[in-house]
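Number of protein chains: 4
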Amino acid sequence: MGSEDRGLGFFKDIGLSSNNIGSFIDGKWKANGSSTTSLNPSNNQAIAQVTEPTLQDYEEGLNACNEAAKIWMTVPAPKRGEIVRQIGEALRAKLEPLGKLVALEMGKILPEGIGEVQEIIDMCDYAVGLSRQLNGQIIPSERPDHVMLETWNPLGIVGVITAFNFPCAVLGWNACIALVCGNCVVWKGAPTTPLITIAVTKLVAEVLAKNNLPGAIFTSFCGGAEIGQAIAKDTRIPLVSFTGSTKVGLAVQKIVNERFGKCLLELSGNNAIIVMDDADIKLAFVHESIYKDVLDQLVEVYKQVKIGDPLEKGTLVGPLHTRSSVENFKNGISTIKSQGGKILTGGSIVESEGNFVQPTIVEISPNAAVVKEELFGPVLYVMKFQTLEEAIILNNSVPQGLSSSIFTRRPEAIFKWIGPRGSDCGIVNVNIPTNGAEIGGAFGGEKATGGGREAGSDSWKQYMRRSTCTINYGSELPLAQGINFG
Amino acid sequence: MGSEDRGLGFFKDIGLSSNNIGSFIDGKWKANGSSTTSLNPSNNQAIAQVTEPTLQDYEEGLNACNEAAKIWMTVPAPKRGEIVRQIGEALRAKLEPLGKLVALEMGKILPEGIGEVQEIIDMCDYAVGLSRQLNGQIIPSERPDHVMLETWNPLGIVGVITAFNFPCAVLGWNACIALVCGNCVVWKGAPTTPLITIAVTKLVAEVLAKNNLPGAIFTSFCGGAEIGQAIAKDTRIPLVSFTGSTKVGLAVQKIVNERFGKCLLELSGNNAIIVMDDADIKLAFVHESIYKDVLDQLVEVYKQVKIGDPLEKGTLVGPLHTRSSVENFKNGISTIKSQGGKILTGGSIVESEGNFVQPTIVEISPNAAVVKEELFGPVLYVMKFQTLEEAIILNNSVPQGLSSSIFTRRPEAIFKWIGPRGSDCGIVNVNIPTNGAEIGGAFGGEKATGGGREAGSDSWKQYMRRSTCTINYGSELPLAQGINFG
Amino acid sequence: MGSEDRGLGFFKDIGLSSNNIGSFIDGKWKANGSSTTSLNPSNNQAIAQVTEPTLQDYEEGLNACNEAAKIWMTVPAPKRGEIVRQIGEALRAKLEPLGKLVALEMGKILPEGIGEVQEIIDMCDYAVGLSRQLNGQIIPSERPDHVMLETWNPLGIVGVITAFNFPCAVLGWNACIALVCGNCVVWKGAPTTPLITIAVTKLVAEVLAKNNLPGAIFTSFCGGAEIGQAIAKDTRIPLVSFTGSTKVGLAVQKIVNERFGKCLLELSGNNAIIVMDDADIKLAFVHESIYKDVLDQLVEVYKQVKIGDPLEKGTLVGPLHTRSSVENFKNGISTIKSQGGKILTGGSIVESEGNFVQPTIVEISPNAAVVKEELFGPVLYVMKFQTLEEAIILNNSVPQGLSSSIFTRRPEAIFKWIGPRGSDCGIVNVNIPTNGAEIGGAFGGEKATGGGREAGSDSWKQYMRRSTCTINYGSELPLAQGINFG
Amino acid sequence: MGSEDRGLGFFKDIGLSSNNIGSFIDGKWKANGSSTTSLNPSNNQAIAQVTEPTLQDYEEGLNACNEAAKIWMTVPAPKRGEIVRQIGEALRAKLEPLGKLVALEMGKILPEGIGEVQEIIDMCDYAVGLSRQLNGQIIPSERPDHVMLETWNPLGIVGVITAFNFPCAVLGWNACIALVCGNCVVWKGAPTTPLITIAVTKLVAEVLAKNNLPGAIFTSFCGGAEIGQAIAKDTRIPLVSFTGSTKVGLAVQKIVNERFGKCLLELSGNNAIIVMDDADIKLAFVHESIYKDVLDQLVEVYKQVKIGDPLEKGTLVGPLHTRSSVENFKNGISTIKSQGGKILTGGSIVESEGNFVQPTIVEISPNAAVVKEELFGPVLYVMKFQTLEEAIILNNSVPQGLSSSIFTRRPEAIFKWIGPRGSDCGIVNVNIPTNGAEIGGAFGGEKATGGGREAGSDSWKQYMRRSTCTINYGSELPLAQGINFG
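Chains as they are written, first to last, in the working numbering: chain A, 1 to 486; chain B, 1 to 486; chain C, 1 to 486; chain D, 1 to 486.
Same shape as in the complex, but just chain A (with noise of 0.2 Å):
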């Protein structure tokens, strides 16, 4: 069967067919190694297949890459930024298409599949207005005829290895913002998700065709973790980006900092919303005054959600990822359960060829140790407390520290909860839920969470190498605190 008569018809409009070679590499498309299926988590049939690279593959990738380097390195940054413009202008036209392979092929549903193509092409917008922004210093010096400068080169190559669950946006969050500060990327896509790896890549590919540029410039791989481990040890590339787990994270940093390499790292999280009793709205550690309604209404909603395939209108929840995303649920429920766990709705997996599981609820004790875990689906843990310094101190006890969030109408509280002694994660919101960051913030989290920030703000300085000059243009040679030898 074609993959038109699959509902494929947008497959041609970005690049795609039933059979895909899975690296770019010295701008060729070019795989020697084995060949994979990328699969619909509603169903779990193929949608295609993929070859991927062999090492060799990498190898030939990263020496046209390192080359390339050179070159892209003295493009002038705001001449850089016209091609991360017209890279967003390739997305902004296949942003119906590209929204629906993600819903596709990672099983989140269409608005969300469109939005995350929407954040790549935001951050090519913000990157553009950057590349004539990433600003040195000029600092007023101690010394008579001398003047110290604070510059900011491009670091060469950044490698980017993203996770499933974001295919295609923090691809974006690097790519856009490494390549204006200088760099080649080298992206590897998670190994499920080959063909938004593949699109995204196509276009990319076609914007620094049409430019006379290297095609090395954005190398990119599907593949799995031996990939993976070449970019953590290659000595060609000075800076990782990572997402993914804590576990894999701190062993990719730490093959990286032998090497004398730099991380950055967006890690598991496990995110905690404090519902206040001043509170408008309704949402997990609820204030023991308003518990009963907040969690009746709360069941209430998580019942009529609607579960099923991300490309249909109306569907809320889609399918996990994979089979052995749902054995995870599966395995996490009975833990919970183990632990004293009460599920108030939900915990079951949905009886289907797909991975759907229910949206679930879970009245717990913040002492069950499973809390202090990511577990990797539809799970809320719903908890009381008394005090404000008591929801803090709840949210604050996990090993992760991505997201936290309050709800209250309470200026003290407010301030209180993103202030010294307030909540330690990277993003603390306010009366929103804990997703949906801006690009101009930077994104990330503390602790487990691994400490890196992507997208906006001073992001960037972690794609640049930082120099301090002084720099002595009269005819002395004046040293710095005083020092006057003799």
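Any given hint could be a false lead.
[Said to hold, decoys possible] 20 Å max Cα-Cα, derived SDA-like pairs, lysine to any residue:
| # | chain 1 | residue 1 | chain 2 | residue 2 |
| --- | --- | --- | --- | --- |
| 1 | A | K210 | C | G474 |
| 2 | D | K94 | B | Q86 |
| 3 | A | K461 | B | R421 |
| 4 | A | K70 | B | S397 |
[To be verified] Quick look at which bits of chain C chain D covers, simulated, 3 or more residues with Cβ under 8 Å:
| # | segment |
| --- | --- |
| 5 | 251-263 |
| 6 | 458-467 |
No wet-lab data here; the hints were simulated from the structure.
Predicted, not measured: the structure shown is a model, and the values here were computed from it.
Glycine included, each C-beta is placed from N, C-alpha and C at the ideal position.
Knowing the structure of chain A, use the given hints to seat chains B, C and D on it.
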């Protein structure tokens, strides 16, 4: 013989005596470990005794420090700045005796000893201003009735592990900034410079006491690897600033990362000076056309340099810090010779009670393995080059990336040197040597030097926790990236 | 004769015809004043007719604009950025015909005409990024439970009065920034370039309409002093950005200040180029040692320059903009002669239907009064100097402070030139002429040039209202400076 | 009777006597004008005599200052910071007697007098840090082998004209920043507070002398409009910082602008406090639902406030500054009555030798013309409102735009108040009154208040000259905007 008889009359000005307690714990001087002797590197005679802390002392210190952190972080930043200002005044009043102590115990010449103390004072002055400029940001949100904030909050406790070569300036870089940022400081000085650690701590302690603040805000330990390791492992210390060798630094980083802490590393350097053919002054990659001239002059100068007691006027080269440094020097010279290096001057140990060695010039091929290592001693390698490109490749070929310098009068050479394809070091100087950094800039190096940045510019951000906060102050819940369900 | 017969086929691409309405009011093209003729400076023949607005039209426009301001200022800044992005796309699609129009109506050569339009496009791209970076600050308060914020809010309406010499780029500098900052724009173009004003406005209007936004967000008027004065006096316009002569600028500033408004002034320039004896390239204070050589070459080049139709390939000098500019040139030349100036080449009017004059080189004493005035025409004064100090004094001795340049290869000269005792201009170049500013920097000049800064850097702050907010979120009322009553 | 007998024993601590010379010119105390008497506002008796300078003295002072400027601007900024640090130390040592002098001569109560001196000290501390942070920028150029710099250089001389109400703090805001920025300062204090001007100048003068710097770096004049006008007209003074009434400020601005100078204006204020119905504390637009309650309490408090000698402990309201202020108060009260205002408490002059008046509460319609004027005296207008929108319109309806405050506990009210449609003032407070600004923020107001910003944030930029420098360090001359001739 009393300390005054041995020229140590200044000891009592800075609170030292012949027997000293080597840790400041919970605002008290208290140590239950073994006694160690501080030696004068000029004659290897005892200066004074110091009792070191035990791990139990450490634990007591950290418990108190952890409590103090809760107080200190809520003191308004400009009030913290006022405390740091008073510390600066206290140091200023003791500049002379402290400078002498540095020369005596570390072995560097007096002007440099005083320069080091002056550097802490400068850091205090700088940090006072900074205490009103630890600014977060208000970032425009894409959603109506929302605001995004980027906030900076204290980390809690900052561990500072310093090395013998800068026994107090590096504390100044870290502690002044860490304190105004709202962190308590846990300092472990070098095991061979305990008196400096004690003397500086005493001044800080007095200021805290005078202001009725917990002494535990500044907790300090003399001691060695045991205490260092305790700091590295301590989950109460989110940031460890470590100065020392690449080898030890990497090990510290591994331990700290495993517990999700962060490191600020200032590791080994290996610093090159490039002398172009148009340079006004002569210094140690040398353009071949001027190579002979430069070398002849250098050798002449090196031969005349006065080696001796660092406290004596006119001395330009003091002793190495310890006997084992002398041993390292000796081994280094024989390695150099075995790799084809030619000793043009120096190369020998000066026979004496102290740790004196001759300043040494070595003519050597850039391919010799020894030039890629940090050799802690007064050895200058001289190498020829033909083009600036070649000199930069040599400069960048060592694993370390601390400091580097070029002497030239050509703007094109200057900007190439500080640009994307120039020096890959953290410090990139022009027409001044590789030392002498000013505090207004960020100090530190890349690659095996560890990537940390201390003192000025935005180094303070490393001592704080960044959060991106989105506040919804309206009554609706719009989503980012224009996502619209249904 | 139809417009196409006169080579105006491109007119319809940009919404122009032989009769045009010269004001865009409340989203409608509407003008009740007299008709004016746009002339081609190459032959002084009519290009097209334009009906100008009356003061009543102005009033209607401003009323609508004032209402629109209330809406536009509450649109989130990144959404405003999206509108400006679309404006950029609209201009990009019409780059060629708009560039032609600039060449035709203003008289500058085609590459410069296209360059001017490209500059607005670049500004749009830049402003899109900026729309997520109009950041306020969170400043640490000295009082517990207090926070200080520095916020930036829109002004409401920004008036932009532009001059004939940059009939659209200057609009771009101002409007792109003003719009993302949340301001409506009221534009009055130069009276002699009404077609450019209309064509650019049409593109903006379409984008606003397509997005269902009030057209009055961008209100534009062709017209002269009457409309200009209305803007200057209008209390609804907190900021007036004016480009023109120092004389008129001062008058505008007086009127605006009297009503407590602010001005952003880009007034007369009078730009010097210093050629040092070590300069690689030859351009007009010239070091005496190379004076004769430089002058001979310059005269030779000036004689060969092709004068003619700005739309014709190969032309390097187009006509002056109007007949009266030719008259000014003529008077200027005779003043020059009467003050001892010696015409080395050029100095005459080119007999033709158009406003052509010869590019002119004058040897003259720096003491001649005429060199301190802005002479709007292709006249290069050449003067000798002996030392850099002397050349800087000459450069700084004119009342204007727009642009200046030095040609040298000596770092000490470069840093002296850009340092405290160097050029006192807003633009201080090295080894490039005095023109050609990039949008990433702030454009503008000091002294009689008015002190305004447009385009990049932090110029956006001028288009916003800064507030310093102290928020007490605790329950007590401490005072600053430690004041304690009683 | 000697000064000690009159309780002026502290005079000699700060270099004052019964006869004082009122100008510091070229490092010398020298004045040839007439003698003036400083009066104690509490009893209108003479405190001491001061000889004022003539215009010839002024000229001599400015000539010396102009020469000193050439030296001072080339002293490295951190070294200038060290001088300002020493000025801070000198003031700190005299905090008590200087504070007393402010209370005595100006009439404000002692804690506020000391607070004012403390504010200069705080400014000194702040400026020291700033002296290493007067950073320019390195901006990426769109052209290869080019770099763009934004540099900040000293202006030369800054004129500071201060008013009686803040006779020394405002000098501190301006002079501390102006000095570290590399400018000489020419200060004219208020004609009625000459002793404060002299005492502060003496401390600065001593520091300059101790450091072997020209005294003319700080040039100061007691005196009135004649000296003020001389400053305004003086082309040697590129920036005049003026504090005073809107009327005089506008006149000064006009003069300064005509000679292409710049003004930094701190003019009249007229500050509103909005008390919302949910406010915790009670202070002068009051929500109607709590209006009666708030008013009753306010009237009660006002009646109990202790009026009297500002040096006496317990006094909360000192005298007005001069007899003419009392006259203004009297006229103001009668205007208020004639416009329908109802005096709820106070309203009368206190019969005494001094300039005492009663703190006054007036119930009045917002439409009364008098409420739009600055009435320099302790008069509180109380008005009712129904909605926040209405209160903001009232707040914004006065010509002045200095300070404003809201008391509320609702986040939506807070963010509306500080947002685009909120208060149009420079100071926008929440839950604190309209006074008590901290130096870390920028102080100043919009509209008739003049638009200047002093003290913290980026206020320093106003005291420097910005240049955008493009440096071509390559060997070709590309043009911006991709212009390509031929």
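Now for the hints, and whether the structure bears them out:
| no. | hint | verdict |
| --- | --- | --- |
| 1 | K210(A) to G474(C) | violated (59 Å) |
| 2 | K94(D) to Q86(B) | holds (17 Å) |
| 3 | K461(A) to R421(B) | holds (18 Å) |
| 4 | K70(A) to S397(B) | holds (16 Å) |
| 5 | 251-263 | holds (count 6) |
| 6 | 458-467 | holds (count 4) |
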